[in-house]
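A.B. asks: Sequence:
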Amino acid sequence: MEKFTSFNKAQRYINELGYSFDARDTFKEDKSYLYQNKKSKQHMFLKSNYGFLSAGSMEMGVVWTVQKF
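Position in the sequence shown (from 1) plus 8 gives the number in the working numbering.
Bear in mind the hints are in silico, worked out from the structure with no lab data behind them.
There could be a bad hint or two in this list.
Stated by the list, open to error - In the DSBU-like style, the derived pairs of lysine-lysine whose C-alpha atoms are separated by at most 35 Å in a straight line are:
| # | residue 1 | residue 2 |
| --- | --- | --- |
| 1 | Lys36 | Lys76 |
| 2 | Lys76 | Lys49 |
| 3 | Lys36 | Lys46 |
| 4 | Lys17 | Lys39 |
| 5 | Lys55 | Lys76 |
| 6 | Lys46 | Lys11 |
| 7 | Lys47 | Lys76 |
| 8 | Lys76 | Lys46 |
| 9 | Lys39 | Lys49 |
| 10 | Lys11 | Lys76 |
| 11 | Lys47 | Lys11 |
| 12 | Lys17 | Lys49 |
| 13 | Lys11 | Lys39 |
| 14 | Lys55 | Lys17 |
| 15 | Lys17 | Lys46 |
| 16 | Lys49 | Lys11 |
| 17 | Lys17 | Lys36 |
| 18 | Lys36 | Lys11 |
| 19 | Lys55 | Lys11 |
| 20 | Lys55 | Lys39 |
| 21 | Lys47 | Lys17 |
| 22 | Lys39 | Lys76 |
| 23 | Lys76 | Lys17 |
| 24 | Lys55 | Lys36 |
| 25 | Lys47 | Lys36 |
| 26 | Lys49 | Lys36 |
Said to hold, decoys possible - Across the chosen pairs, the derived CB separations fall in these ranges:
| # | residue 1 | residue 2 | range |
| --- | --- | --- | --- |
| 27 | Met66 | Ser28 | 34 to 40 Å |
| 28 | Leu42 | Gly64 | 29 to 35 Å |
| 29 | Lys55 | Glu24 | 18 to 24 Å |
| 30 | Glu10 | Asp30 | 16 to 22 Å |
| 31 | Ala63 | Asn16 | 20 to 26 Å |
| 32 | Ser62 | Ser28 | 17 to 23 Å |
In this text, all values refer to a predicted model and were calculated from it rather than measured experimentally.
From the three backbone atoms N, C-alpha and C, an ideal C-beta is built for every residue, glycine too.
Produce the complete structure using the sequences and hints provided.
C.D. replies: Right, dumping it as structure tokens:
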């Protein structure tokens, strides 16, 4: 599982791995995206969470989490 503080960085990471956009689900501030690799038929799930921006910081903000399944 990878974590990013920027949507653009997370999306660039997913695209570099060869995944393409498949579906999107949004409800108010909660956002999630589904990507699929056309060759291997594997999926990646990108979702937004409100949490700590880094482990040693008390700053909170939107954290994008990438999960492969």
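A.B. asks: Compare the distance between the alpha carbons of Lys76 and Lys17 with 35 Å, and conclude whether the hinted pair is satisfied.
C.D. replies: 16 Å, holds
A.B. asks: Straight-line Cα separation of Lys55 and Lys39 no greater than 35 Å?
C.D. replies: 6 Å, holds
A.B. asks: Given the hinted pair Lys55 and Lys11, is their alpha-carbon gap at most 35 Å?
C.D. replies: Measuring from Cα to Cα gives roughly 10 Å; hence the hint holds.
A.B. asks: Starting from the hint 17 to 23 Å, judge whether the C-beta atoms of Ser62 and Ser28 obey it.
C.D. replies: 30 Å, violated
A.B. asks: Assess, step by step, whether the Cα of Lys36 is no farther than 35 Å from the Cα of Lys46, and give holds or violated.
C.D. replies: Distance ~30 Å between Lys36 and Lys46 Cα, so the pair holds.
A.B. asks: Given the hinted pair Lys39 and Lys76, is their alpha-carbon gap at most 35 Å?
C.D. replies: Since the Cα atoms of Lys39 and Lys76 sit roughly 17 Å apart, the hinted pair holds (cutoff 35 Å).
A.B. asks: Take the C-alpha atoms of Lys46 and Lys11, compute the straight-line distance between them, and say whether it is at most 35 Å.
C.D. replies: 23 Å, holds
A.B. asks: Determine whether the Cβ-Cβ distance between Ala63 and Asn16 falls within the hinted range of 20 to 26 Å.
C.D. replies: 22 Å, holds
A.B. asks: Within a Cα-Cα threshold of 35 Å, do Lys17 and Lys49 meet the stated pairing?
C.D. replies: Between Lys17 and Lys49 the Cα gap is close to 23 Å, so the pair holds against 35 Å.
A.B. asks: Given the hinted pair Lys76 and Lys49, is their Cα-Cα distance within 35 Å?
C.D. replies: 11 Å, holds
A.B. asks: Could you grab the alpha-carbon distance between Lys47 and Lys36 and see if it respects the 35 Å cut-off?
C.D. replies: 33 Å, holds
A.B. asks: What's the verdict on Lys47 and Lys11, does the C-alpha distance respect the 35 Å limit or exceed it?
C.D. replies: 25 Å, holds
Going down the numbered hints, you'll see the structure goes against just number 32.
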